[in-house]
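Same order as they appear, the protein sequences are chains C and E. Throughout the first sequence, residue numbering follows full-length UniProt numbering, covering 1 to 332 in sequence. Throughout the second sequence, residue numbering follows full-length UniProt numbering, covering 1 to 332 in sequence.
No wet-lab data here; the hints were simulated from the structure. Given the structure is predicted, the values throughout are model-derived calculations rather than measurements. Any given hint could be a false lead.
When chains are identical, the list treats them as one kind, so a pair holds in a single copy or across two.
What the hints assert, rightly or not - With a cut-off of at most 30 Å between alpha-carbon atoms, the simulated DSBU-like pairs for lysine-lysine come out as follows:
| hint | residue 1 | residue 2 |
| --- | --- | --- |
| 1 | Lys157 | Lys177 |
| 2 | Lys161 | Lys71 |
| 3 | Lys255 | Lys148 |
| 4 | Lys177 | Lys193 |
| 5 | Lys37 | Lys71 |
| 6 | Lys71 | Lys142 |
| 7 | Lys239 | Lys37 |
Protein chains: 2
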Amino acid sequence: MAVPTQKPSSPHQKLERIVILGLPSFLKRQDKEFSSKFQFLSPSESNLPLEQFLEAEAQNTQAAVCSGGFKISAEVLRHLPSLRLIVTLSAGLNHIDLSECRKRGISVANAGNIFSADVADLAVGMIIDVMRKISAGNRFVKTGLWPKQGNFPLGSKLGGKQVGIVGLGSIGVEVAKRLEAFGCKISYYSRKKKPFSSYSFHSNIHELALASDILVICCALTEQTRHMINREVLLALGKEGLIVNVARGAIIDEKELVQCLVQQEIAGAGLDVFEHEPHVPRELFGLDNVVLSPHSAALTEGVFRNSNELVTENLEAFFSNRPLLSPVLDDE
Amino acid sequence: MAVPTQKPSSPHQKLERIVILGLPSFLKRQDKEFSSKFQFLSPSESNLPLEQFLEAEAQNTQAAVCSGGFKISAEVLRHLPSLRLIVTLSAGLNHIDLSECRKRGISVANAGNIFSADVADLAVGMIIDVMRKISAGNRFVKTGLWPKQGNFPLGSKLGGKQVGIVGLGSIGVEVAKRLEAFGCKISYYSRKKKPFSSYSFHSNIHELALASDILVICCALTEQTRHMINREVLLALGKEGLIVNVARGAIIDEKELVQCLVQQEIAGAGLDVFEHEPHVPRELFGLDNVVLSPHSAALTEGVFRNSNELVTENLEAFFSNRPLLSPVLDDE
Chain C
1 MAVPTQKPSS PHQKLERIVI LGLPSFLKRQ DKEFSSKFQF LSPSESNLPL
51 EQFLEAEAQN TQAAVCSGGF KISAEVLRHL PSLRLIVTLS AGLNHIDLSE
101 CRKRGISVAN AGNIFSADVA DLAVGMIIDV MRKISAGNRF VKTGLWPKQG
151 NFPLGSKLGG KQVGIVGLGS IGVEVAKRLE AFGCKISYYS RKKKPFSSYS
201 FHSNIHELAL ASDILVICCA LTEQTRHMIN REVLLALGKE GLIVNVARGA
251 IIDEKELVQC LVQQEIAGAG LDVFEHEPHV PRELFGLDNV VLSPHSAALT
301 EGVFRNSNEL VTENLEAFFS NRPLLSPVLD DE
Chain E
1 MAVPTQKPSS PHQKLERIVI LGLPSFLKRQ DKEFSSKFQF LSPSESNLPL
51 EQFLEAEAQN TQAAVCSGGF KISAEVLRHL PSLRLIVTLS AGLNHIDLSE
101 CRKRGISVAN AGNIFSADVA DLAVGMIIDV MRKISAGNRF VKTGLWPKQG
151 NFPLGSKLGG KQVGIVGLGS IGVEVAKRLE AFGCKISYYS RKKKPFSSYS
201 FHSNIHELAL ASDILVICCA LTEQTRHMIN REVLLALGKE GLIVNVARGA
251 IIDEKELVQC LVQQEIAGAG LDVFEHEPHV PRELFGLDNV VLSPHSAALT
301 EGVFRNSNEL VTENLEAFFS NRPLLSPVLD DE
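Bound conformation, chain C alone:
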């Protein structure tokens, strides 16, 4: 029996319309099942400027999917009057005007915990890399210096080090769990003491830095945490101190960080995120004690599949009036 090889074209009027903001490659990665459930409106595939596109095409659209790089301002929201849901593919929410969303009754879902383990892996990898000079040693060997120069500088021991976790959310917990296995001692800073944790708590970031050999930044970027790691905190971390950032660049005052690294006021850094990505301060390029990474902490082979699944599940839950899978919680 002959089987039709082509599906009948889906009746568009029955599909929910979803606006895709800032994800030009997102649609290409969709599997057939996903595309058969929703109709996607993509301003990036239109010749119209964003706001004209939204006014022309998206006035009745109830849901949007966005990347972490797309700024969802009050102005953008004004052009989406029917919007009731934003699903962001990022864990961070600093690109979304959350107070405007609250005002307009728009729900927001994020990537939840799906990146946490991978982000923690990169954080720990960067700590070991800087302390044990892995990238620098790799360069030393690959440029043929070993037979010529002999000794390579000693690295630092990880065991016994005091690690301060800034933000004990799902990423911070994963970082701590891994570093405990290396014999590190964990303490943390957050707005409130976490009842589930037995790690030593500091309510003051300056005190945490004073008590730490290594600071790992794992918190959300908010108005409260912007430039929270300032010159004073870096000086409290001190000449032997190492800082690792897998959260958002602007949590650290980048200008002061560069100054501290160049003047050896702290010992080193592992940075996956920056204030003005993809632009990275050139002063860091020549420093062996600084390991830089192109905001790739969450990017491993299965990430798009996992993240698309979560987006689908959040959209389906929304349109069938079930609770979202990864709603943004106000209490972090």
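Assemble chain E onto chain C, guided by the hints.
Chain E only, in chain C's frame:
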């Protein structure tokens, strides 16, 4: 009251004479206490060839301290007829002719477990580095490619990976403990099943490689383990497989490893040790999926202090007829 600022010179005839083999910088690192207990004979500070020096100076010497790079052959031992103890600063013993030592009744002490945690840290650091492309990403950012090229290739997820530990000694156990915290599944190969371990045991290296995403070489180099990781084992590890070596270069057939890496028959490698150190096959220099390190797994800031303490304690134990602190055990 005037206090004499200089100690009276020690009466040399009362000090035990220790021959130092292959450690030109060892004596300089000694603290005063150490030097006041022993008299060191250092062929590297003499103009005589080694064997003439030993015949002239070391005929009554009962103890020797050596580095891992100094070959203690039957021939060297023949020139040290009174020798009863060798203390090596290395964990590995492949530079010492152990069967000749047994024949001559010479005890051997090594570095015991003092390097295990640091070596395991580097092994795990190299695994994360290769899988998450840390060194490659660092180069990508530091050469200014991020703003020009945008996307950086995805890394591999560590969680859920099958890790095969080759040699579950003190280093292997530390590697396993760390990788469990990353959600890896551990199995191991050794000559005998370890009664203390619940990890899955393979009595055949080929089977371990077949079952593993990552092989970590942590065993001693012996006649049995030389080139144990041959082409067949590498092909069993396979195109997606990663190999990390923090043990000794010659456990892997380096020529075959280079071939497999160049032809992408395995996915990547992290290598701290090589067959002909400090010479490293140049074919590896251009490969982003290979991270090289100048035999520095044990080299962290406190290493010389810790290792000198252990040497002193072994020498003191020997000369006062107490058991050695880190004797070499025949059963690994």
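Could you check the structure against the hints above and give me the numbers of any it violates, in ascending order? 2 and 7
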